[in-house]
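Asker: Residue numbers (this note's numbering), protein chains in the order written: chain C, 1 to 276; chain Z, 1001 to 1262; chain A, 2001 to 2312.
Take the hints with a grain of salt, since some may be wrong.
Unchecked claim - Reference listing, derived: stretches of chain A covered by chain C, where coverage requires no fewer than 3 residues with Cβ under 8 Å from a Cβ of chain C:
| no. | region |
| --- | --- |
| 1 | 2003-2016 |
| 2 | 2023-2030 |
| 3 | 2070-2084 |
| 4 | 2145-2153 |
| 5 | 2251-2258 |
| 6 | 2266-2274 |
Note that these hints are calculated values from the structure, not bench results.
We put the CB at the ideal spot given by N, CA and C, even for glycine.
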Amino acid sequence: MDKKKNKFLSNKGFVLFGILALIIVLVAVFAPVLAGGIDPTAGSLADAIMPPDAKHIFGTDKMGRDIYARVLYGARISLASTFALVLVIFVIGTALGVLSGYFGGWVDAVIMRLADMMIAFPGLVLAIAVAGMLGASMRNAIIAIALVTWPKYARMARSLVLKVRHTDYVYAAIVTGSSTWRMLWKYMLPNTITTLVITAATDIGSMMMELAALSFLGFGAQPPAPEWGSMLNEGRDFMQSAPWMMVYPGLAIFITVVVFNMLGDNLRDILDPREE
Amino acid sequence: MSLLEIKNVDISYGKNLTVKNCNLNLEKGEICSIVGESGSGKTTVIRAVMGLLPGAGRVSAGDIIYDGTDLLKLTRKQWRSLRGHDISMIFQDSGAMMNQTRLIGDSYVEYIQTHEDISKQDAWAKGIEMIERMRLPDGDRIMRSYPFQLSGGQRQRVGIAMGMTYQPKLLLADEPTSALDVTTQAQIVRQFMELRDEYGTSIIIVTHNLGVAAYMGDKIVVMKRGEVVDQGEREYILHRSTNPYTKLLLDAVPTLGGKRYV
Amino acid sequence: MNKNAILSRLLQMVIVLIGISFLTFLLTYLSPGDPARNLFTASGIMPTTEQIEEARKMLGLDKPFFTQYKDWILNCLQGNFGESFMLHKPVTELLLDRLWPTLKLTIASAVLMLLFSVPLGVISAVNHNKPIDYFVRAITFFGVSIPNFWLGLMLILFFCVKMRLLPVVSSAGDFKSLILPAVTLAVAMTAKYTRQVRTAVLEELHSDYVIGARARGVSENKILWGNVLPNSLLPLITMLGLSVGSLLGGTSVVEIIFSYPGLGNLAVAAITSADYFLVQGYVLWVSIIYMVINLIVDISYNYIDPRMRLRR
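With the rest of the complex left out, here is chain C (with noise of 0.2 Å):
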């Protein structure tokens, strides 16, 4: 256990961005603090489109509400919708992936038919064509990303299974009699955790720009919540009077997607090191 322990602790990498991704995890939850109790969705008119200011370090947005509290309160809603999509995803994904390599026969026929169509599918038309029949919000977003993306899960997991399907320690199994369940949670799942951890991980910072950009174009997060992406969206109007508007959001959106790919990337060095 100590040996598992240090080679995630020696990787420097790792620690860093560890650390930073906590930090961000920490705003997040202590959002009201840091905001200073400040409400995001509240404002007045009055205060609308000021440039920033001692009492507001981002300024205000167009119905006056103080921005650096938005983008504070903004952390809670992309980083726990992101972790929500990407443990659907895996779940899903991984699930379905090892049914269709296990079972093989039309089971797998049929899920892998239904992977090349959500695959052929223009990801982001079909997001938004579920956001419109479902209604706009955050959770169906998640739905409609986690129903575009579930494929590239299950198509590794399946290929991760059928390297160990047909081997004879796996037919001895079968032939001694394990049950079903058995066979997936012992032998076939285990051969998968390693990559699909490693893919959620490193996929954790692009799931969080589609929901910015589903919220973006209106089909996510609804006004007044403060979302990143649809932040930036009603920065848009704005762009030439009030960039602060724009900048701002953004930059959390970027920031947090490094902190987290670069959380990932180190993540796949140490459970995956194939350079030498």
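Put chains Z and A on the given structure of chain C with help from the hints.
Answerer: For chains Z and A alone, coordinates are given in the frame of chain C:
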């Protein structure tokens, strides 16, 4: 002066010392077999002689002197004229050591044109000649094939043909017969012996097969876990050595009717 | 790839297309917007219930789901993709109109991408773990981390608003209106593709035949240019196909930001106004194009790599 002197050589990968204090002398026209189990460091040693240690590997101590030249101090340019010309290497799967997406002939011509300034046709003809000299009929067909289209034995012969193109003084063979079936093994081994007889080539052959090692080697070097544990003339190693590991290896050779065919 | 493989592949494509068309039809059918009503409100008219009913009959929206689906499929097979409720023009005409601009954008971005990612990736791989490698990796890193909508907006802010070098809204499909959207798209793609080039070349560099060639005295340059790079091309072609395919369907956000008259822009507008036929037409077209690109890539891969060609 010996043709090759490996003096007190240590080889390390980063901080890991993998070969300790290796000493070996090879005279002109001599064949030396390096025997040992996997991980004994035998391949590492000859890769070091060629200057082809992968990744972070390097000779961390000692000298390797070939024909009076310190190999550890050569420039890249000097290496390029030496490799494939004065010193050649033959690998376990010669086919894999060629670009799978190009014809054998193209790889061969590329090699020849590195060392000689001749036309593609002349180089091609030279390739055919060498291949046929290694007892592969229809050299042109071989040249026009992809490596994966040939059998193991054919691939090794092509590898030997390429290795011998410039009649190198030193030939390093890394498990050249390990991937072959027994009959082909015997043929390839005989081929190597003829190289020494015909061209006076000095050979170092690395193998885990004591039978092959004993048949070919005038000298035998026994390695275990990165160290040379025993070495000497063939007669000595086979019959008079008192080293326990050597005896262990000898005992592992299967006997038939009480006779050990080594 | 022999004829049988191609045929079975085509069959798969058809099945997938049927699935996609069904899914799309289902989605638009279930969505809350009412195209009959939108038909009127789009022209600023407030319709009565009777008018809406009439419109629904006219558009065939009162028929059962499967009948509508069947009619639509039959029409598609004849090349008739219906008419847009919103714009009162045949879907085919609208899509064709916007196809070329989006294609231009895609090609421009792809060209920019290749121009930068191939040299950068190769340099990075050849100088593995040296400073320039780290530098390139750092740049690609930021490249994939920037949200493209933010980047587009920042570029507009800088080049159009502050520097007044380029027009904010692109009108004609000329070069000036192409460059910023193409750059925006190209940044993320270049970053991603550079990494892929680097990985592909690095893997090739660690092949056995590289060691073999070195052992024969062949120069590093010859090894790189004559062997490693050509071999690296193979997987890169596949990745290029995938990139272009996803680009085609993914230009929506950028087109919207730059008001670029492309397919993506049209698609989003169509969805928000529940313009059934237009949405379905768009999805079908883009899916077909994507699958065709993939098919071409796979076929050429099988043809170029002699191991595939001869090992059957």
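Asker: Hints first: check each against the structure and report whether it holds.
Answerer: Structure-based check of each hint:
1. 2003-2016: holds (count 3)
2. 2023-2030: holds (count 5)
3. 2070-2084: violated (count 0)
4. 2145-2153: It holds, with 7 qualifying residues against the three required.
5. 2251-2258: This one holds; 4 residues, not fewer than the three required, reach chain C with a Cβ under 8 Å.
6. 2266-2274: Since 5 is at least three, the answer is holds.
In the structure shown, a violation is registered for the earlier hint numbered 3 alone.
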